[in-house]
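Participant: Take the sequences, apply the hints, and build the full model.
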Amino acid sequence: MPEFPRDSVGLVTPETAHFSDPLALACGRTLPAYDLVYETYGTLNAERSNAILICHALSGHHHAAGFHSADERKPGWWDAHIGPGKSIDTDRFFVISVNNLGGCHGSTGPTSENPETGRQWGPDFPIITVVDWVHSQAQLADRLGIERFAAVIGGSLGGMQVLQWTLSYPERIAHAVVIAATPKLSAQNIAFNEVARQAIRSDPDFFEGWYADHDTAPRRGLKLARMVGHITYLSEDAMGSKFGRDLRSTDLNFGFDVEFQVESYLRYQGDTFSTSFDANTYLLMTKALDYFDPAAAHDGELARALAPAACPFLVVSFTTDWRFPPSRSKELVNALIRADKSVSYVNIDSSHGHDAFLMPEPRYQAVFAAFMDRAARDLGLEGHS
Amino acid sequence: MMRADLKLIHAWIPEGARVLDLGCGEGTLLAALARDKDVTGYGLEIAPEGITACLAKGVNVIEQNLDEGLANFDDNACDLVVMTQALQALRRPDLMLDEMLRVAGECIITFPNFAYWRHRAYLGFKGYMPVSRSLPHAWYDTPNIHLSTFNDFERLCRDKGLSIVDRAVGIGDHEGHWTSRWWPNLFGEIAIFRVARRS
Numbered sequence: 001m002p003e004f005p006r007d008s009v010g011l012v013t014p015e016t017a018h019f020s021d022p023l024a025l026a027c028g029r030t031l032p033a034y035d036l037v038y039e040t041y042g043t044l045n046a047e048r049s050n051a052i053l054i055c056h057a058l059s060g061h062h063h064a065a066g067f068h069s070a071d072e073r074k075p076g077w078w079d080a081h082i083g084p085g086k087s088i089d090t091d092r093f094f095v096i097s098v099n100n101l102g103g104c105h106g107s108t109g110p111t112s113e114n115p116e117t118g119r120q121w122g123p124d125f126p127i128i129t130v131v132d133w134v135h136s137q138a139q140l141a142d143r144l145g146i147e148r149f150a151a152v153i154g155g156s157l158g159g160m161q162v163l164q165w166t167l168s169y170p171e172r173i174a175h176a177v178v179i180a181a182t183p184k185l186s187a188q189n190i191a192f193n194e195v196a197r198q199a200i201r202s203d204p205d206f207f208e209g210w211y212a213d214h215d216t217a218p219r220r221g222l223k224l225a226r227m228v229g230h231i232t233y234l235s236e237d238a239m240g241s242k243f244g245r246d247l248r249s250t251d252l253n254f255g256f257d258v259e260f261q262v263e264s265y266l267r268y269q270g271d272t273f274s275t276s277f278d279a280n281t282y283l284l285m286t287k288a289l290d291y292f293d294p295a296a297a298h299d300g301e302l303a304r305a306l307a308p309a310a311c312p313f314l315v316v317s318f319t320t321d322w323r324f325p326p327s328r329s330k331e332l333v334n335a336l337i338r339a340d341k342s343v344s345y346v347n348i349d350s351s352h353g354h355d356a357f358l359m360p361e362p363r364y365q366a367v368f369a370a371f372m373d374r375a376a377r378d379l380g381l382e383g384h385s
Numbered sequence: 001m002m003r004a005d006l007k008l009i010h011a012w013i014p015e016g017a018r019v020l021d022l023g024c025g026e027g028t029l030l031a032a033l034a035r036d037k038d039v040t041g042y043g044l045e046i047a048p049e050g051i052t053a054c055l056a057k058g059v060n061v062i063e064q065n066l067d068e069g070l071a072n073f074d075d076n077a078c079d080l081v082v083m084t085q086a087l088q089a090l091r092r093p094d095l096m097l098d099e100m101l102r103v104a105g106e107c108i109i110t111f112p113n114f115a116y117w118r119h120r121a122y123l124g125f126k127g128y129m130p131v132s133r134s135l136p137h138a139w140y141d142t143p144n145i146h147l148s149t150f151n152d153f154e155r156l157c158r159d160k161g162l163s164i165v166d167r168a169v170g171i172g173d174h175e176g177h178w179t180s181r182w183w184p185n186l187f188g189e190i191a192i193f194r195v196a197r198r199s
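So the sequences go chain by chain: Z and F. Every letter in the first sequence is one number past the one before it in this note's numbering, and letter 150, counting from 1, is 150. Every letter in the second sequence is one number past the one before it in this note's numbering, and letter 145, counting from 1, is 145.
Hints should not be assumed to be uniformly reliable.
Beta-carbon label-pair distances, calculated as ranges [what the hints assert, rightly or not]:
no., chain 1, residue 1, chain 2, residue 2, range
1, F, Ile164, Z, His298, 40 to 46 Å
2, Z, Asp340, F, His10, 18 to 24 Å
3, Z, Thr272, F, Lys37, 55 to 61 Å
4, F, Lys37, Z, Arg377, 18 to 24 Å
5, Z, Asp213, F, Gly69, 58 to 64 Å
6, F, Ser132, Z, Arg377, 35 to 41 Å
Listing some non-contacts, in silico: residues in chain F with all C-beta distances to chain Z over 12 Å [to be verified]:
no., residue
7, Arg3
8, Asp36
9, Pro48
10, Lys57
11, Leu66
12, Phe125
13, Asp159
14, Arg181
15, Ala196
Since the hints were made in silico from the structure, they are not lab data. Ideal Cβ positions, reconstructed from N, Cα and C, are used throughout, including at glycine.
Facilitator: Next comes the structure, spelled out in structure tokens:
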């Protein structure tokens, strides 16, 4: 028996659900059939009332907690918050974490086979929006026999999916936790995404997205995209305290090789990412971010767009997050107040920028756990508290 | 156990009211009002422990600094705005009073009465800044930067043309004693006002 930390969900195995009913997408196209890969942690109770859906961010996936094998070096991406006794307590909640459509970790996406052509979808894969993701997640909920989620929870792009859940399926969500998110991207956000997309699309190995046919991948472009993205995930302070102006060697060498530690770090992050992530997926995910704007159909009035929402919200932001700063969370909170919805808002002091939502921080854990305790109590769930 | 001033406010607030509680602490009042009177609303707070306690109770709490105003609440968004023991810690209590009566037609405010006889005695006889049950801090670390008296507040309301719907004193055990009813400025430890816009 492998040894895992006591507060870990331990060994987990992803599962695949196949859907043969076509899914109509916001872009007007239809996905004829699709797979969703997901993981679950904890046990679904007899009433099926303790299920929680975790929505992932731009480069996330279904592996949110636990380990795939005894030798896996790092646990899932949100292991800090999911597990026995953690904020999302698997002793009383049944947690579902799904890889979104268009992803590159097993759910149907650009690297899957297009049944009509017999080759990879590649750039032909339809543009997927947050609304589409929520519809596909609802199909998975149906498949698992979950009528109503105890909570839907997500950070960043995941938080936007949570918000969409409260609007598309208000009767199917009992609590919403929206972390480090925004009701829509700013011009600056879209600008950063466009730089990332151009980096990928201008790579000579991109081949208009058909790089797989040429047995290659636009790794340089994807690396650049990730490097730019990574800068926006960290705060200036976090970068400063981690690297400062530290040099890799003792002297300046007056050239263009890596000299500062921060350069080395960014290149490493970019390299690792560019060999493990699909460029077409990255393009799709950034478009999903850009397009998200539930207020657009209501003359830009977010409070009116929020009218269908019916569950209590917890909205969390982080002081040094400059990708989706506290002011964007407040925009959502104020619209919820204006719409007369049940909402609580917390702004956590953290030096980690946008990435803070992934990390354990005592106050973040305390407010998260307090809200989840309340959720469990609202639903009459058993379990220690 | 609810503080004496909260008990009185609890009695004053009507069934089903939409209430904004400024400086709601651990959400004791809002939780009791939701349970007993079907009251809905929000609490504003900046102390982390208070906010966590509110979340655990299921009280809607917004992390917000009162000195930044209430711009995120529309005119007449609520039936009542409550502020207990926070007025004296604000940068501009007079502007906050305007804000409160913009958001709701009526507000309830409580604050420590600086003219309470024990406070007077402390300053008058001992020659030190008063330290008491209602003013527990030393002069150098107190959050209370705008202390006032029962009379001061009445004068402010008069100057602003506001109507005082009700007033009371909270002094724990002596609550309702005839001395504090007749001479609230001298015998009231906590001033409790219910103020409305002049209709």
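Participant: May I ask you to check that phenylalanine 125 (chain F) keeps its beta-carbon over 12 Å from the closest beta-carbon of chain Z?
Facilitator: With a cut-off of 12 Å, phenylalanine 125 (chain F) remains clear of chain Z, as the shortest Cβ separation is near 44 Å.
Participant: Hey, does aspartate 36 (chain F) actually stay past 12 Å from chain Z on C-beta?
Facilitator: holds (18 Å)
Participant: Determine whether the Cβ-Cβ distance between threonine 272 (chain Z) and lysine 37 (chain F) falls within the hinted range of 55 to 61 Å.
Facilitator: Since threonine 272 (chain Z) and lysine 37 (chain F) have Cβ atoms about 57 Å apart, the given range 55 to 61 Å holds.
Participant: At 12 Å, judged by beta carbons, does proline 48 (chain F) keep clear of chain Z as stated?
Facilitator: With a cut-off of 12 Å, proline 48 (chain F) comes too close to chain Z, as the shortest Cβ separation is near 6 Å.
Participant: Regarding the assertion that leucine 66 (chain F) does not contact chain Z, is the least Cβ-Cβ distance greater than 12 Å?
Facilitator: holds (15 Å)
Participant: Does aspartate 159 (chain F) really sit off the interface, with its C-beta more than 12 Å from all C-beta atoms of chain Z?
Facilitator: holds (31 Å)
Participant: Quick one: are isoleucine 164 (chain F) and histidine 298 (chain Z) within 40 to 46 Å, going by C-beta?
Facilitator: holds (42 Å)
Participant: Could you tell me whether the CB distance from aspartate 213 (chain Z) to glycine 69 (chain F) stays inside 58 to 64 Å?
Facilitator: Distance hint for aspartate 213 (chain Z), glycine 69 (chain F) holds at roughly 60 Å.
Participant: Report holds if the minimum CB distance from arginine 3 (chain F) to chain Z is greater than 12 Å, and violated otherwise.
Facilitator: holds (22 Å)
Participant: Take a quick look at alanine 196 (chain F) and tell me if its Cβ sits farther than 12 Å from every Cβ on chain Z, holds or violated.
Facilitator: holds (23 Å)
Participant: If you check the beta carbons of serine 132 (chain F) and arginine 377 (chain Z), does the distance land in 35 to 41 Å?
Facilitator: With a Cβ separation near 38 Å, serine 132 (chain F) and arginine 377 (chain Z) satisfy 35 to 41 Å, so the hint holds.
Participant: Holds or violated: 18 to 24 Å for the Cβ distance of lysine 37 (chain F) and arginine 377 (chain Z)?
Facilitator: For arginine 377 (chain Z) against lysine 37 (chain F), whose Cβ atoms are near 20 Å apart, the range 18 to 24 Å holds.
The structure fails hints 9 and 10 (numbered hints given earlier, in ascending order).
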